[in-house]
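Q: Here is what each chain is made of, one letter per residue.
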Amino acid sequence: MKMNFRQRMPALLQAGLLVASGFLFSMPASADEPYTQNALRNYNTYCVQCHGINRNGKGINSRDMSVQPRDHSDAKGMGDIPNEEIFHVIKDGGLAGNKSVLMPAWGNVMNDDEIKELGAYLRFVCKCGSGQ
Amino acid sequence: MKLSILAILLGTAFVSSPALAADNPGTGILKAQCISCHAIAKPENASLDRLWERKGPDLYYAGSKFNKPWLVKWLQEPARIRPAGELYTRHVKGSDKEDVVDESTLTAHVKLSKADAEAVADVLMALSGPADLVSKGAFKGDKVSMSMGAMFFNKLRGCAACHQAKPGTGGSSGPELYTAGERLQADYIYSYIKNPQAIDPHIWMPTLNLAEPDLQRLTGYILQLSASEGK
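Sequences listed follow chains B and Z, in order. Counting from 1, one number per residue, gives the positions in the first sequence under the working numbering. Counting from 1, one number per residue, gives the positions in the second sequence under the working numbering.
No lab work stands behind these hints, which were simulated from the structure alone. Do not take every clue at face value.
Simulated DEER-style distance windows between Cβ atoms [said to hold, decoys possible]:
id: 1; chain 1: Z; residue 1: E44; chain 2: B; residue 2: D80; range: 30 to 36 Å
id: 2; chain 1: Z; residue 1: A79; chain 2: B; residue 2: A96; range: 35 to 41 Å
id: 3; chain 1: B; residue 1: A96; chain 2: Z; residue 2: M146; range: 37 to 43 Å
In silico negatives: residues of chain Z with every beta carbon more than 10 Å from chain B [stated by the list, open to error]:
id: 4; residue: E77
id: 5; residue: L106
id: 6; residue: A108
id: 7; residue: A186
id: 8; residue: R217
Note that the Cβ used here is the ideal one computed from N, Cα and C, for glycine as well.
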């Protein structure tokens with residue numbers, strides 16, 4: 001269906017407001033960085049050991065791992081995973097999502113809000129949309 | 001500024017800590033050489049930021065963690081326990097292949113004479129930490145099949161992703177475990193695997209939610225590793 005300019009504006013505004021309100025709740029580092037400093041800190045504490053300082057799945061532990069960690073900079077691979085699955089695998093581990101046991105459950109280390117924020121950070125890293 | 005406040009806090013804790021014997025020469029050595037990197041009193045603020053600020057593992061529960069003969073030996077010949085240091089993220093860099101340890105950022109541990117090592121070990125072993133930190137008597141002491149243990153460690157639970165069970169093989173973000181049986185008390189190993197964050201808040205080891213038989217098996221395996229791999 002073809003929409004004229006007047007019809008499109010409110011939709012765009014709505015989308016903009018939605019995004020903006022999401023930003024407000026998660027307190028991003030700046031307008032250019034749609035993730036929280038806490039998510040960045042958590043990634044650097046817990047994820048880098050396997051997923052790498054460059055977020056490419058080549059962490060310090062990856063050399064001898066039988067299943068290689070996911071490349072978080074891979075827009076295609078990451079773009080195919082919905083947000084719910086990312087949340088589930090971080091919280092409950094790879095086994096719970098029929099993935100590798102080498103991805104542990106982080107649900108005792110980060111709370112649900114922190115895991116959601118980490119998911120948003122992953123979307124920023126992969127440059128692969130919102131996963132909605 | 002932050003560091004000086006930390007130093008004052010540590011200093012105060014040091015002075016007020018009842019476990020430190022003033023007449024032991026180890027107390028002076030600890031004060032002069034250890035507390036700039038290690039906490040010898042429980043930090044009031046055990047935040048993630050604090051984990052990033054500290055330079056070495058906490059020692060306020062050293063007496064519930066270490067075996068004294070190992071401490072005396074190690075303090076004279078300190079070999080690196082954490083291949084990528086602490087905190088590992090600060091000591092890794094990217095490469096053409098996987099990340100590597102940036103050796104230039106790691107410093108050697110203080111080395112003590114035999115007499116000083118014994119004195120410091122005496123003082124450290126008196127620091128038992130909070131009473132509920134380690135479940136005393138939790139490890140039942142059963143012998144473990146090393147092949148079963150290895151399968152569990154390497155495949156079923158993926159411990160080898162972060163830890164080395166033999167020198168040079170396995171992950172680097174966690175401490176090596178081939179000397180852990182010599183280094184650590186059995187109940188400490190058990191308690192730490194069961195809930196790492198309860199002992200070391202925000203630490204980057206996940207809680208695996210292991211069942212009791214698995215906790216026993218893994219603790220036994222790690223203890224026995226020391227005899228088979230650490231020599």
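Q: Now tell me, hint by hint, if it's right for this structure.
A: Going down the list of hints, with the structure as the test:
no. : hint                         : in the structure
1   : E44(Z) / D80(B): 30 to 36 Å  : violated, 46 Å
2   : A79(Z) / A96(B): 35 to 41 Å  : holds, 38 Å
3   : A96(B) / M146(Z): 37 to 43 Å : violated, 29 Å
4   : E77                          : holds, 25 Å
5   : L106                         : holds, 13 Å
6   : A108                         : holds, 20 Å
7   : A186                         : holds, 23 Å
8   : R217                         : holds, 16 Å
Of the numbered hints listed earlier, those contradicted by the structure are 1 and 3.
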